[in-house]
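Residue numbers (our numbering), protein chains in the order written: chain A, 389 to 529; chain B, 389 to 529; chain C, 2 to 461; chain D, 2 to 461.
One or more of the hints may lead you astray.
[Stated by the list, open to error] Listed next, the in silico SDA-like pairs over lysine to any residue satisfying Cα-Cα at most 25 Å (straight line):
hint : chain 1 : residue 1 : chain 2 : residue 2
1    : C       : 418       : D       : 445
2    : C       : 264       : C       : 283
3    : D       : 356       : C       : 102
4    : D       : 426       : C       : 30
5    : B       : 493       : C       : 102
6    : A       : 493       : D       : 5
7    : C       : 38        : B       : 515
Keep in mind the hints are simulated off the structure, nothing from the lab.
Note that the structure is a prediction, hence the values are computed from the model and not measured.
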Amino acid sequence: MDTNNIKELIDLIDGTDITELYFEKDGTKIRIRKGALSLPKQEVSNATSISIPDECEPVSPDYHIVTSPIVGTFYAASAPDSESFVKKGEQVTKGQILCVIEAMKLMNEIESEVDGIVDKILVENGQPVEYGEHMFHIKLS
Amino acid sequence: MDTNNIKELIDLIDGTDITELYFEKDGTKIRIRKGALSLPKQEVSNATSISIPDECEPVSPDYHIVTSPIVGTFYAASAPDSESFVKKGEQVTKGQILCVIEAMKLMNEIESEVDGIVDKILVENGQPVEYGEHMFHIKLS
Amino acid sequence: MSIFKKILIANRGEIAVRIIRACKELGIGTVAVYSDKEKDSLHLRLADESVCIGPANIAASYLNIPAILTAAELTDAEAIHPGYGFLAENPQFADACAKSNITFIGPTTENILTGGNKIKAKQILRKKGVPVIPGSDGTIDDEKIAYKIAKKVGLPVIIKASAGGGGKGMRVVNEPEELANAIALAHHEAITYFGDGSLYIEKYLTRVRHIEVQIAADKSGNIIHLGERDCSIQRRHQKLIEESPSPIFTEKLRKKIGEYAIKAAKALNYRNVGTIEFILDRADNIYFMEINTRVQVEHPVTEMVTGIDIIKEQIRLAAGYNLSVRQSNININGHSIECRINAEDPVTFVPCPGKIESLRLPGGFGVRIDTAIYQGYTISPHYDSLIAKVIVHGNNRLEAIARMIRALDEFHVEGIKTTIPFHKKVLTNPSFISGKFNTSFIEELNAQEAINGATNSPLS
Amino acid sequence: MSIFKKILIANRGEIAVRIIRACKELGIGTVAVYSDKEKDSLHLRLADESVCIGPANIAASYLNIPAILTAAELTDAEAIHPGYGFLAENPQFADACAKSNITFIGPTTENILTGGNKIKAKQILRKKGVPVIPGSDGTIDDEKIAYKIAKKVGLPVIIKASAGGGGKGMRVVNEPEELANAIALAHHEAITYFGDGSLYIEKYLTRVRHIEVQIAADKSGNIIHLGERDCSIQRRHQKLIEESPSPIFTEKLRKKIGEYAIKAAKALNYRNVGTIEFILDRADNIYFMEINTRVQVEHPVTEMVTGIDIIKEQIRLAAGYNLSVRQSNININGHSIECRINAEDPVTFVPCPGKIESLRLPGGFGVRIDTAIYQGYTISPHYDSLIAKVIVHGNNRLEAIARMIRALDEFHVEGIKTTIPFHKKVLTNPSFISGKFNTSFIEELNAQEAINGATNSPLS
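Please model the complete structure; the sequences and the hints are all you need to start from.
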């Protein structure tokens, strides 16, 4: 029995409603299962994807997510009439200030840990941020 | 046995409501299962066998199960010193008395609904039986 | 005399669980009975033993007297608690228990018979000086008498079946010309549903309050009452929210209704626990309505304000003990409210059985849950749609209302629809909060919503 | 003066849920805080708003004062309830709240400082005539003084850290020659754990009862006590079962300990709710032990017998209201017991976090559950192992015990080990039932079982 035989077997059960096939011969054992594993508390469904928790959004490895290290208020600029530290599409370098988070009247400067391009700014100026809240997506360069 | 034989088997059960087929010959073993299986309160596991509820014991279609139609006390014989109505291995015919169930001082004779051989007696003389409790397995003849 | 060693509970759902709990606390063994599709029911899991008594069809299981008595005999149960519904008010069952030397946990067969014959009960109590609703003193044998009575008491009147209950065999008459037809229809229904066509006629009192009094009586003739319950929040004669004490009761009114209840129990030579139902009209007149010869769904609100475990007391009384408390020791502490949570659509009230996919019950101070559901349980379409009773206690009525709202906010259930949103709507209604409402409350609330437009309703 | 519009709850688990419930019933908005691995926690789901304040490490989240104050400011919370543990008895936190114009729901910073300095508290109360455990009147600055005191009060003695708690920095001395070494060790531990090496010495009282008194005080100087709690069932200084009233208390003893508690609160100029802990020796002598300047885990047993919602009262007091009840209106009704159910092995007490695969909580009359768990929830190894408090109320102690046993029988949990079997063993023990036990009960029970052989134990 080789992979061709296995392919044959797969073709064979594909399209039928067979969910499992087990075959053993001369020390060769084959088990083929199909479809839906039912997850607890759910009706039988075709869904087989892993549920993704809120905190890990699907960002590709080429991106770096900047999260808030503290609870506070997000400021995009150093003063109300100043320009933003960074803008969307802008190139940033490691150590460059991205924003300020105010907590307990203290201004905490948040620096970039990577070199890259600001792909998304997820928080608006003056908005409160929680610990771990996503603030920037930076496309690694 | 080769994949052609297996194809034959699959064609055979596909479209029927058979959910499992197991075949063993000369060291060749084949198991085919069909249909989605949901397992309550269990993590996703490799187990795909169907859990069998208590009330439906695995009796092949060749067998008939005699259940108690009422709550009462099971008597295998008509009187303490009499012989049992039926014994294991005995041939019974439709309408033949298998046992008596006493409820409210009334003796309810339980007749066989089939012709066959008494394969198992699941209740002992004088034992209480619930509604639906399995009392006899009769091998159809 | 000693308490029972083992009791069979001839019921299911929350009341079976309630009774098993009382038995366990008294050190009494318990036998659950169930139908063959109920292997997952909670009452089986909590009882010491269980017996399958028949198929899901209730006539063949929970109403199957021989099967239940046989189960009791096979398990050596000394007594049977019938709960409410099913065989609880069936005199044949009480009699059959006695013949099998099994104690029926409830009143005497005579009490059940009188309770079931509403004409007789009214006649007895009227003679003893308990005010009854004006109407016929007995069955209405001919139409002319009905006309005479209707004229005397004034329209509207209601035609009722003597053996009736649950809204069947009842007809309201607003105009004299409707009377003949109403009698004919009610007679037909009464025969169909109860096998007894006897009818009586009463003045139809609307916008009244439904007030009932919990009583308990021992074999030595001691009778106590445990205060009133206000059950005026009803939908089509089905109670939805009950409370104790009544928000509009004065001490004077409480004393008066309590005296009537005790007088009624005495007149009927009542034993064990029961409930005397009254109507309170807008002029604070009290009228006897009927007697319920069983424990009631809403008994917990009385337990919460008196501290008395009515089921334990009921079991002790059935075992021959005298009452454990005297009237003078009964105090009403704070306020209690019960919401009956049904597996029903909160707008249409259509039953909605199914699997409970997710469940978090309310808890914390002053919250009591009586239920037989759990996460993963499938509610059967074969039985009543009551899935849980949420009962709260507070130092006063406003605290109890706030507590009930927070408890219902916490009650998380997925997989079925429930009446929880409906209850929240009632609890936050100004008329409900003020305590000034009557038996037409729900009807008028729904009518008001229909006028406001269904789309504005938070429930639609 | 008005009640707060919004409160931030700087805690998690059952106490956060408890506080949210009280807020909801008072119409107060709630802000939950949580660490980043707690998205499924019940307190988030029940609160109106929630803020993630840091990672699972408690120093960076639940002990993170700037993060918590910032969360309060961002959500416009007017007050913070610290619950118990975490920042509840941290004077810096109480101060920081005041500086941020946020009300700290608890006593004054001065009260917290005195409560944390056990030597100072003892000195103050001794002067005011509250009996304290015989021992040093202040820190033991040299070994010779320790010898003198040990000789005077008699061995055994206990060396304690002034800033101590939780069994740390404590050493029992049975023989004079052990004293020097014990002082050195305790000093080292006190510096390590509390950053303060101050020690004091006390007579070590064994086979005593741990009795505490709940107090409440308003800004106008009114002080009440809500009776005693008996917390003698402890394992390694951790309370496992608490009850109110104490099974061995007479009215006379209750009056006496209540007077001491009020005297103590007055001497300390106490505000808000708190607990005065006492030791009752075998001759019924009462000694002050320490003051807890927060709400306690076992507060529900007092709520059950007095009907007073301690958390609501605490919030009202913090908002500037006077006490809602007078001493003369406080009655102790019936008996209440609390069992702390931990996610631990019932024999070894090793914590056992994990996913709750299946859960059915107890319910019915007289049963209260304070918990933050639900079916499907995963208990985190980062926090306390307390998963639920089962609290019962009965008309008397025996009814309460029977009710607790039936409640624990009903408590069904799969996926984790719990201490439920251990509690059942205690509740059915004749010494426990008789009420005649002391703080050595669990130790002696375990020793007895070791003698009987572990294989005979129903728990092994």
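Given pair status - residue 445 (chain D), residue 418 (chain C), alpha carbons within 25 Å: At roughly 53 Å apart (the allowed maximum being 25 Å), residue 445 (chain D) and residue 418 (chain C) break the hint.
Proposed proximity, residue 515 (chain B) with residue 38 (chain C) (alpha carbon, max 25 Å): Since the Cα atoms of residue 38 (chain C) and residue 515 (chain B) sit roughly 23 Å apart, the hinted pair holds (cutoff 25 Å).
Hinted pair residue 356 (chain D) and residue 102 (chain C), Cα distance within 25 Å: violated, 50 Å
Given pair status - residue 30 (chain C), residue 426 (chain D), alpha carbons within 25 Å: holds, 20 Å
Restraint check for residue 493 (chain A) with residue 5 (chain D), where alpha carbons must lie at most 25 Å apart: Holds, at about 24 Å.
Residue 493 (chain B) paired with residue 102 (chain C) [C-alpha distance capped at 25 Å]: Judged against 25 Å, a Cα distance of about 14 Å means the pair holds.
Proposed proximity, residue 283 (chain C) with residue 264 (chain C) (alpha carbon, max 25 Å): holds, 23 Å
Hint compliance for this structure: hints 1 and 3 are not met, and every other hint is.
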